[in-house]
Amino acid sequence: MMETRWALVTGGSSGIGAAYAEELAKRGYAILIVSNQPAETEAKAKLLHDLYAIETKILVMDLAKAESAKEVFDFCQTQHLTIEVLVNNAGMFFWSSLTKVADSTVAKMLQLHLTTPTMLCYYFGKQMQERGRGYILNATSICAWMAFPTLAMYTSTKNYLKQFSYAIHYEMKQYGVNVCHVAPGAVDTGLYNLSAAKRKQLLKWHLMHTPNLIARKGLKGLFGGRKRVVPGAFNYLVVLLVKICPLFIVNSIRKRFFKQL
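With the first letter of the sequence shown counted as 1, position 56 gets the number 56 in the working numbering; the numbers rise by one all the way through.
I should point out that these hints are in silico values taken from the structure, not numbers from a laboratory.
Wrong hints could be hidden among the right ones.
To be verified - No farther apart than 27 angstroms at their CA atoms in a straight line, the calculated lysine-lysine pairs in the BS3-like style are these:
hint, residue 1, residue 2
1, Lys46, Lys227
2, Lys217, Lys65
3, Lys126, Lys217
4, Lys162, Lys220
Keep in mind the model is a prediction, meaning the values are calculated, not measured.
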């Protein structure tokens, strides 16, 4: 009997993570969703099972805990799940100057964006190398190329994931494992507290993209052997421009629009 191919998606109960889970289910993967949203996680797993006749499992936990990556790995070992695709999608976002947020919030983002995905890449990447096959997708952002005041934590942690993904892409490719980071810009979710009309307008102008588009393009790049995907022509242009944009211009924008943060 052929071994079941499993895809693990962190933060897979909503938003881009849910889109990744569905796109992988369409490709015939069994899906393990890891999230801290019990009702949404269970509902998404049931929907994927019913729609695509694939096996699903859930693991409800806080990925911002120090030992969360090891707990996820141990769960998969106990359940005898062969993880062929790892999607490190779970994350958080806030606008604020560093010293105006609680220290617990700073620590949570560091754990969620740095330690947990790094250790998940370590544990599952090691198994993938031993099997000679596997895929790892790390969710970054076009912010990874920026040093923007009021987003110091977000941009810096996403930059780490970007650089980390590039490095282990070359380390692991010789063992048959592809590592790709996907760097979207604005995504059509409730994250930015925009009105439905404004979101519709931004989608029309291609300045914002749907989670499904991000997931489709991201997985196409991952399975195609690419090391980076920047969905959307506008976002790709932004990446090119921020590389040459002087920091005093960035700070001027911050003073004009984000002075209170």
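For each hint, the structure was consulted:
Under the criterion of a C-alpha separation no larger than 27 angstroms, the hint pairing Lys46 with Lys227 is inconsistent with the structure, at around 32 angstroms. Taking the CA atoms of Lys217 and Lys65, the gap is near 30 angstroms; set against the 27 angstroms cutoff, the hint is violated. This hinted pair checks out: Lys126 and Lys217 have alpha carbons roughly 26 angstroms apart, not beyond 27 angstroms. Distance check on the hinted pair: Lys162 and Lys220 sit about 18 angstroms apart at the alpha-carbon level, within 27 angstroms; holds.
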